[in-house]
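> In case you want the letters, here they are:
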Amino acid sequence: MQGLEPQLTADYVETGQVRFVFWPVLNHGNPSVYSTLTAHCIGRQDPALFWQAHDVLYTNQGELYSADRDYYVRLAASLGADQAAFEACYDDGSGLSEIMTLDEIRRERGIFSQPIFDIGGQLLAGAQPYEILQQALDSALAAD
Amino acid sequence: MKRLFIPLALLLTACAPGASPAEPTAQPVTVPPPVVVVTEQSSTALPTTPVVTEQPPITADPVVSPEPSPTAIPVPQIISGRTEEGAFFYGAPDAPLTLIDYSDFL
Chain X
1 MQGLEPQLTA DYVETGQVRF VFWPVLNHGN PSVYSTLTAH CIGRQDPALF
51 WQAHDVLYTN QGELYSADRD YYVRLAASLG ADQAAFEACY DDGSGLSEIM
101 TLDEIRRERG IFSQPIFDIG GQLLAGAQPY EILQQALDSA LAAD
Chain P
1001 MKRLFIPLAL LLTACAPGAS PAEPTAQPVT VPPPVVVVTE QSSTALPTTP
1051 VVTEQPPITA DPVVSPEPSP TAIPVPQIIS GRTEEGAFFY GAPDAPLTLI
1101 DYSDFL
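Chains as they are written, first to last, in this note's numbering: chain X, 1 to 144; chain P, 1001 to 1106.
FYI, nobody ran anything at the bench for these hints, they're computed from the structure. Treat the hints loosely; a few may be bogus.
If you anchor each label on the Cβ, the simulated ranges turn out as follows [stated by the list, open to error]:
| id | chain 1 | residue 1 | chain 2 | residue 2 | range |
| --- | --- | --- | --- | --- | --- |
| 1 | X | E87 | P | I1079 | 24 to 30 Å |
| 2 | X | Y130 | P | P1096 | 16 to 22 Å |
| 3 | P | D1094 | X | D11 | 16 to 22 Å |
| 4 | X | D92 | P | P1096 | 37 to 43 Å |
Sample of chain X residues at the chain P side, in silico, Cβ under 8 Å [stated by the list, open to error]:
| id | residue |
| --- | --- |
| 5 | S35 |
| 6 | P47 |
| 7 | Y71 |
| 8 | A77 |
| 9 | S78 |
| 10 | F117 |
Note that beta-carbon positions come from the ideal geometry of N, C-alpha and C, so glycine has one too.
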């Protein structure tokens, strides 16, 4: 989804038609858990920072399999997050509890792979070209 | 006799009362010499002859750094927040349509 977000944001989010939600799917073990935990702990300080972390994590996707705690602390600091608050969230289990709850909810919703796009209740599985997302979004908006 | 007379005459003239040093006058204002930088010549040049280079005069005009030109493109402010379950969103909370991206950073 990373590559399509700028276009989708310009066409649908900035125009007030769509609210975009990122829902974590922790399907790759600890690398999934700790990268998502990092984004959530940063986002706790400021939701806008979550989206910055989201972009940085996708951009550096190849590094996440070997990333350790120090890597994520540096990432948080590079985005201007408060380091002590970030480390507390990362270490005390509260952030972990949040993302595990979200992961449990998506299982209850029948989501077992990623990416899956839920567009007004219509599910699109797998990476999609922008035209397909556009059709689904326009169709859902017209139905409202 | 003439040989002895000339040095004797000069000696008497020098010792005469009118030949005392003049009264000290006010010291003239001394202007410090320009600052110079002495640098050693390279080993290929003749030794022991320093190169004396006068520094350019210091001007009174302050150096003004140019202002950085703005490069950031203004981005519309988009609301971001969290759903009641705790997932992060951006966009108008009351937008007619919600797109949920179930995904992973890997």
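> Compare the structure with each hint and give your call.
Right, here's what the structure says about each hint:
Under the hint 24 to 30 Å, the C-beta atoms of X/E87 and P/I1079, about 28 Å apart, fit the expected range. The hint said 16 to 22 Å for the Cβ distance between X/Y130 and P/P1096, and at roughly 20 Å that hint holds. About 18 Å separates the C-beta atoms of P/D1094 and X/D11, a value consistent with the hinted range of 16 to 22 Å. Checking the proposed 37 to 43 Å range against X/D92 and P/P1096 shows it holds: the Cβ atoms sit about 38 Å from each other.
Nearest Cβ of chain P to the Cβ of X/S35: about 4 Å, under the 8 Å cut. The hint holds. Checking X/P47 against chain P: minimum C-beta separation of about 4 Å stays under 8 Å; hint holds. A distance limit of 8 Å between C-beta atoms decides the matter here; for X/Y71 the minimum to chain P is near 13 Å, and the interface restraint is violated. Because the closest C-beta pair between X/A77 and chain P is about 18 Å apart, greater than 8 Å, the hint is violated.
About 16 Å separates the beta-carbon of X/S78 from the nearest beta-carbon of chain P, more than 8 Å, and the hint is not met. Taking 8 Å as the C-beta cut-off, the interface hint given for X/F117 holds, the closest approach to chain P being about 6 Å.
This entry does not satisfy hints 7, 8 and 9, going by the numbered hints stated previously.
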